[in-house]
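What follows is the residue order along each chain.
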Amino acid sequence: DIQMTQSPSTLSASVGDRVTITCRATQSIDEYLAWYQQKPGKAPKVLIYKASSLESGVPSRFSGSGSGTEFTLTISSLQPDDFATYYCQQYSYSWTFGQGTKVEIK
Amino acid sequence: QVHLQESGPGLVKPSETLSLTCSVSGDSMTSSDFYWAWIRQPPGKGLEWIGNVYYRGNTYNSPSLRSRVTISVDTSRNQFSLKLRSVTAADSGLYYCARQTCDGGDCYSRVEYFNLWGQGTLVTVSS
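Order-wise, the sequence lines are chains A and B. Residue numbers for the first sequence follow the working numbering, beginning at 1 and rising by one. Residue numbers for the second sequence follow the working numbering, beginning at 1 and rising by one.
Hints may be right or wrong, so weigh each one.
What the hints assert, rightly or not - Computed cross-link-like contacts, PhoX-like style, restricted to lysine-lysine with a CA-CA straight-line distance of at most 20 Å: (1) A/Lys42 to A/Lys102; (2) A/Lys39 to A/Lys102; (3) A/Lys102 to B/Lys45; (4) A/Lys50 to A/Lys106; (5) B/Lys83 to B/Lys13; (6) A/Lys39 to B/Lys13; (7) B/Lys13 to A/Lys45; (8) B/Lys45 to A/Lys42; (9) A/Lys45 to A/Lys102.
Quick caveat, the hints were computed from the structure, so don't treat them as lab data. In this text the structure is predicted, and so the values were computed from the model without any measurement.
With the rest of the complex left out, here is chain A:
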């Protein structure tokens, strides 16, 4: 099985900050990676697919990069609506999620 590990588990930041979350795979997944945002009491929402492609309707302050085993999600200027938990998910072999990164208000 491919395991996905996110870091950090929790991130404290302020509005306007540049935020980066890392996701690492236990083996190469090429670019078969998606990122999701989940707010309390809500279903996850896809932000990024194929490592760096922005889902339709998602603000351009979100971006993704990486390939192989290391990936990043960047929020260029954190907005109040962005405080949430973020998950990566690989779809190279089967489908597995990272454990999540909570972005909280500093």
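Use these hints to put chain B onto chain A, whose structure you have.
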């Protein structure tokens, strides 16, 4: 606009079978090149993929749950279902159904990410 809605009992006794249904509205499951998936989330924890199904009946299940899971599709009702047998308290949590994309719309190639989710339904396993 396509909408997914989970339904089923919110309380299941230990050792019994958890049964959920996801109703798809706004599009026919047979006219769309998507897989249809179940994902769960224990309270306060992360997301776990359970399994998925294509409208033709092809399924994949999580290795950790495979012996207890059955996912099926009913195209006449535009629904798909999850059965999880021999449940314990560890199976409690939010259960989501979701639509899963296929590479280039070809579901005989790579099945990809989850681009549409239901609101989720809470299932508690308790006597």
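Going down the list of hints, with the structure as the test:
1. A/Lys42 to A/Lys102: Roughly 14 Å separates the two Cα atoms, so the pair holds.
2. A/Lys39 to A/Lys102: 10 Å, holds
3. A/Lys102 to B/Lys45: Answer holds: A/Lys102 to B/Lys45 is near 11 Å, not above 20 Å.
4. A/Lys50 to A/Lys106: Status violated; Cα separation ~31 Å.
5. B/Lys83 to B/Lys13: Holds, at about 14 Å.
6. A/Lys39 to B/Lys13: 30 Å, violated
7. B/Lys13 to A/Lys45: 31 Å, violated
8. B/Lys45 to A/Lys42: 14 Å, holds
9. A/Lys45 to A/Lys102: 15 Å, holds
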